[in-house]
Structures are given as C-alpha cells and as structure tokens.
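> For this one, chain A is given, so just place chain B on it according to the hints.
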Amino acid sequence: MTHILGIETSCDETAASVVIDGKVIASNVVASQIDLHAAYGGVFPEVASRAHVEAIGPVVEQAMVDSGIGYDSLDAIAVTRGPGLVGSLLVGMNYAKGLALATGKPLLGINHLEGHVYSLWLSDMRSEPRFPILLLIISGGHTELLLMKGHGKYERLGGTLDDAAGEAFDKVGRLLGLPYPGGPHIERAAQNGNAAVFSFPRAKRDDSYDFSFSGLKTAVMREVTVQPSAEVRRKRKRGAEKKAQLRADVSVNDVAASFQVAVVEQIVSKTARAAKQYGVNEIFMAGGVSANQLLRAEMRKATQIPVRYPPLNLCTDNAAMIAAAAHYRYEAGLRDELDLDVKPMWPLTSDAYDK
Amino acid sequence: MPIIKEGELDIISHSAEQTQRFGVRLGALLQPGDVICLSGDMGAGKTVFATGIGKGWGAKHALTSPTFNLVHEHTRDADKVRLYHLDCYRLTTAAEADTIGLDDMLDSAGILVFEWPEHIEAALPKKRLWIEIRVIEPTRRNFMFEAHGKRYETLVAEFRRQILGR
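Heads up: the protein sequence lines correspond to chains A and B, in order.
Position 347 of the first sequence, counted from 1, bears residue number 347 in the numbering used here, the numbering being contiguous throughout.
Take any residue in the second sequence, note its place counting from 1, add 1000, and you have its number in the numbering used here.
Within a straight-line C-alpha distance of at most 25 Å, the following computed BS3-like cross-link-like pairs (lysine-lysine) qualify:
1) K204(A) <-> K301(A)
2) K1060(B) <-> K204(A)
3) K1055(B) <-> K204(A)
4) K153(A) <-> K1060(B)
5) K1060(B) <-> K343(A)
6) K343(A) <-> K1055(B)
7) K1080(B) <-> K343(A)
Hint data in this document are derived by calculation from the structure and do not stem from the laboratory.
Nothing here was measured: the structure is a model prediction, and the numbers come from that model.
If we strip away everything but chain A, and leave its shape as in the complex, we get:
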C-alpha cells in the first residue's frame, strides 16, 4: 500500500493531496487563483508565483491534516515538474524538495499531462481500464491525442498546431466580453443560443490527428467585430493595443453556441477516427475542457467504445492526479534526485522521463 503526497503548482492552482494506492483520495486541497486572475482575463505570471508562495505552506498542511496520515507514513513526495509556468513550477518544486529533505522521503517529479491521465484512475471505476486506451488531453494549455499502451507508455498521435482548445475558449470569451475562464462561460451562454446561426470553420479534412483552432478564432472575430476604418487604423499609434469592438447586432449566445459546436465537432471527429484506426478499448478525456457537457455527449454519440472522463473537480488542475501518477512510477521503482530541475516544456511520450 502506498501513501503519496502530491503537490501541483504548474499554473494558477496551488494544490496538495494525499492519495492511497493511486486510487483513493485521502485529501484533496485546491487553492484556486481564478478570482485573482479573472480581472486580467488570464493568468498573470508574477501574480501567480506570489500567490503560490503564500498558499503552498497552508495548502500542504491542510492536505496532510485532512488525510489523517502523518509525514512518517508517507512513501513519497510527488510534485509537478512540468510543463507549466517556470515561476509557478519552481514554487512547488522547491517546497517538495524541502519536504523530501526534511522527512527523508523520496522525491518524484511528475509530468502534468500524465497527471491528467491518471485523474481517470481516481474516479470510481467499476472495472480496470483495458489498454490500449486513446487519451485526449484538452485544457487551457494543451490539446494532445495520445495512444496509451500501458502504464507510462505513450505514443503521441497529434496535437494542436496553434492554439490549445481551452485557449480558443478563453480568447473567444474575451472577444465576447465574457469573464475568464472562457470555457464555462461560453458553455453557459451557448445554452441559450442557436448554434445554427453562424457556420464557423470545422476541421480540415486530412489524415492527420492534429488540431487547429486559430483559424476558427479568427473567423469568429471577423464575424462578430466591427472592422476599424482605414482612417482609424492610420491614426492608431504603432503597437497600441487594439481592442476589437463587438457588433451591436450579434447575439453573444448565438456566437457562443456556434463556436462551441465547431470546436466540439473538430475534437470529436478526429478522436473518433483515431479510436477506430488504433482499435482502442477505451477513450479517456481529461483536462479542463473535458468538463464541457456538449463535448462529453457528442463523444459518446460518435463511438461505441466506452468513453471515460473524470468527475468535474478532477478535470481542472489538482494534486490528487499528480499523486496518482506518482504511484505507478513509485511502484516501478523510480525515484528522483534532489537536484531535479523543472521542465516548462515537456511533451508526454514514453521516453519523457528518460532525461
């Protein structure tokens, strides 16, 4: 039986959690910075790292107290090593190293994307997943389609060529004057909108499993904003920030609904095709965008293969998933040294941990 403390600070959540055997959550504490960053329409790095520094001590303490497990009973301390914001990652990494040194427990640096994968093992599973599994990791910073052949064995099939899916939601949300983060607000607006009003571009019909959301974002902007006149453009100071002006006669709800359908269709069509081609037994969706209800419903409709996704509180960043991923690495006998560095860029592949 393993007791692992997980720490996650890769972006805007300071989180800590104790997980038993990679499956049972003994405690799960998340200090969200969403309110802090909402005013800016996105995560501000300096605000983020300062907030992490303030929150990390109390958050880890709370996770330990909630779990009822003492530091002595821990088997390992796991921390997100990347990908993420360098300043934010360092706060978690340094805290984890300090704890590892103080307690004498081994340190494990975990890939944030692998954490999202293992959030699936934390949900109440009636049956063990059967490999191969198709993984769709979709969040504010990532859009990845991977084939998982076993624990720690990944093959990347595709990913975004430009914006991440969640980023497209954030940017279109900003365009529509909706609060940050864009995903849930667009989803809510879309419920009262007509998705047939605008026909935004869908996926390119090619054989790849790559995604592209930048053209869609631009198409939305073209459709719903007022183009500045040549006169205004000429007079504008070079480099001055240009705020797009929303057309008065468009319904935000209709745009949100039409945009959401276009995003979902692209993701679902590529994922369903990959599932068929690779003969997978299951489809796993994880990451913040996997909380989108339309995406879940359409994915289930598009394929006969079982589709799993984590409960809503585990879709977004959390530390339980980091502890869960660490369980399998711990059981495989893997340990990290105390001079471990953070990796802001760190794609998830089978050899991700090799160097």
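Then chain B, alone, in the frame of chain A:
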C-alpha cells in the same frame, strides 16, 4: 530617392499559408542573438508567422501558441542554439518580464521571437527587428518590417532578396 527607407519592407500576404511561408524564409536567415518582435491584433497571424520561423530555422517541435505558458523553448538538431517563443500579452510591465527570465534569455545568445512585444517594450533590446502585422481584409495581411540596428538592416535586405529576388 527610395520610396521606403533602408531597413524597411512593406509586403502583403494573401493567405495564412503565405504568411507561414514568409516566416519560413525569415527563420532560415536567423542567427544566434536575433530579436524578432511580432506586433498585431488577435488573429493577425503572429503565431502563424512564428510557426513558419520555427520551420525555417529547423525547430525540432512545431511552434504553437505560447499564450498559456508565456514562453516556449525550442531546440534544433543542427546546433545547440535555442529559440525562445514568447507571448507578452499577460505581462503588463517590463519588471514582470523578469519573472519569466527574460534577462537570462537575452544573455543566452538564443533567438527571441516575441508576440505582443509592445507590452514590455521598455525591457526589449533597442536593436531588433520589429514586424507590424495589420489585418486588411479577411485573408490579407500587411507586414511592415522595421530594422533597428545594422544587423537587422542586413537581415531585412537578405529577406527581401529571398522573397522578391532583388
């Protein structure tokens, strides 16, 4: 008398594909220490152009939007040079640029490609290539190249030869 100044170039791209090809040509000409600033509205094509730069330079992984992580660090097989692709949209002051390690990147002799550079203009080196991208029509974009410093005048001249043959 020339119509545009030395070190300036004014071109039109007619599609996202062409924008990327412009980027490819520029990317192939980059040298360690080069600083490229891409300024323009959301949807102007900054990331499309940057993706082209990455291809032309030979980046191991395709350049994608750095909006979320703020900095993407790229490598290539040819040498040990790094290419840093930055999005400064969420940086409000030059001091904040420090929190993402801008000084270290500038000292590293790597190549720096900025999106939203105007947000941290005070922290940028004076010598740089500034590219202003304007949306003219749904698919057409106007690229204004402005060289600041001798190196960038040379770079713009080479780039002009590459795309115009003169």
